[in-house]
Structures are given as structure tokens and as C-alpha cells.
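Engineer: From first to last, the protein sequence lines are chains A and B. Sequential numbering from 153 applies to the first sequence in my numbering. Sequential numbering from 51 applies to the second sequence in my numbering.
Some hints here could point you the wrong way.
Label-pair ranges, simulated between beta-carbon atoms [to be verified]:
1. B/63 - A/193: 15 to 25 Å
2. A/263 - B/104: 46 to 56 Å
3. A/168 - B/130: 49 to 59 Å
4. A/208 - B/131: 47 to 57 Å
5. B/157 - A/172: 23 to 33 Å
These are calculated hints, taken from the structure and not from any lab test. We put the CB at the ideal spot given by N, CA and C, even for glycine.
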Amino acid sequence: GENVEQHPSTLSVQEGDSAVIKCTYSDSASNYFPWYKQELGKGPQLIIDIRSNVGEKKDQRIAVTLNKTAKHFSLHITETQPEDSAVYFCAASRDNTGKLIFGQGTTLQVKP
Amino acid sequence: GAGVSQSPSNKVTEKGKDVELRCDPISGHTALYWYRQSLGQGLEFLIYFQGNSAPDKSGLPSDRFSAERTGGSVSTLTIQRTQQEDSAVYLCASSLYREQYFGPGTRLTVT
Chain A
153 GENVEQHPST LSVQEGDSAV IKCTYSDSAS NYFPWYKQEL GKGPQLIIDI
203 RSNVGEKKDQ RIAVTLNKTA KHFSLHITET QPEDSAVYFC AASRDNTGKL
253 IFGQGTTLQV KP
Chain B
51 GAGVSQSPSN KVTEKGKDVE LRCDPISGHT ALYWYRQSLG QGLEFLIYFQ
101 GNSAPDKSGL PSDRFSAERT GGSVSTLTIQ RTQQEDSAVY LCASSLYREQ
151 YFGPGTRLTV T
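Extracted from the complex, chain A is given alone in its bound form (with noise of 0.2 Å):
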């Protein structure tokens, strides 16, 4: 079935410095990726997301980019902030059903 693997599993960057998550999936017909932002004892939050007829999408300091052929996608996050300290999930889903695989989080730790 569909896999998505997410790496780090944890990551610690100093304020300021920006932060890169990968994930590469599986299921070649998958076309939609979110990601999200779950802080302690919270939903998970969307952030960004992207589909796959475009390679890369951008809001404010954070960045999506996207390799349909090596099957895999990447967040940036520019300039970070403590605030920015969370865990973030990579998903992936096809056109044919709704459901969202997820990755195993990166745990995100930004030092003041």
C-alpha cells in the first residue's frame, strides 16, 4: 500500500537559520501534499500544501517544493522563529479517495 517516510525524525536549528523536512512516497498516482504543524496537545494545523502539477509554492517563509519523478517533496522554513517549534507531518493523498497517508513527524526545535 501507500508508504510516505519522513526524515528527520527530529531537527534543531538555532533562530534564525532556516529548516528543511523531507518525504518521498510510494503511490505513484498520489497528486495532493499537504503538510502540517501540530503543537503540543493540539490538532494537527494545515500550513501549505501542493499538487502535483506545479514544482514549488510559497507562503511567506514557508516553501513547498516537489519532484514528481524521484516521488518526493520537501518543506522550507526561512528565517525561523521559537514559535515555529512544533511537529510537522507530511501527507500524501490520490484524486479517488480522501484519505491522507501521513508521515512520521519531525519534531522541530527552534533554540532562542
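Since the structure of chain A is provided, determine the placement of chain B on it from the hints.
Structural biologist: What follows is chain B alone, placed relative to chain A:
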């Protein structure tokens, strides 16, 4: 506007008891999903409702798990004869298009 709400926020139950978890989706959203998040793990798909179509139950881990969605809105996830391995956070999400918006979850503890 109002987001997805779930109740209760926490539920402690004894092994063997049945539990019901409730989800109120965002008004107007036609799709509703249930996921499970075990301690320190990623999110595992359980079940998906889309409009009046038959639900996708492919993620339910056993026949002790069931869910229904009444009137195309509120959904209830029922776990019968709970086991300790059922302890997890149960998350509900709703969507109108592809973007899924999650509720805060129900933390279930089976003792």
C-alpha cells in the same frame, strides 16, 4: 468561523467497555474523516465519509470499530469492548475540497 469540534476532549474507560466519540465538522463541509494518533506516532487513517456515498472503512483496525454520520453532518466513532491498545488520540477532520481541517482530538485512555 467555527472549526471542527470534538467531544469529549478526554475519555478514560475500563477495558471491555464501549465508548462513543463525537465529531462536529465545519458547517458546509461534505467530507469527514477519522484518524488515530498513537503516542509519539503519525496519524493513521480510519474511515472517510463523502456526501451520501458509502463510507471508506478500509482503515478500521477491527470489527470493534464503527462510525456513522447522521444527516451529512455530525459523526460518531464507536469502539466496542475497548482494549488497552485502543488508547490513542482520535482525530476528526472535515473538508470541502482537498484541504482537511482537523479538530483538537479526543484522548482515549483504556485502563
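Engineer: Each hint: holds or not?
Structural biologist: Going down the list of hints, with the structure as the test:
Taken as a hint, the range 15 to 25 Å holds for the pair residue 63 of chain B and residue 193 of chain A, whose Cβ atoms sit roughly 20 Å apart. Between residue 263 of chain A and residue 104 of chain B the CB atoms are about 49 Å apart, so this pair conforms to the stated range of 46 to 56 Å. Separation of residue 168 of chain A from residue 130 of chain B is about 52 Å and conforms to the stated range, judged on CB atoms against 49 to 59 Å. Judged by the Cβ atoms, the range 47 to 57 Å given for residue 208 of chain A and residue 131 of chain B holds: they are separated by roughly 49 Å.
Checked against the hint of 23 to 33 Å, the C-beta distance between residue 157 of chain B and residue 172 of chain A comes to roughly 31 Å, which is consistent with it.
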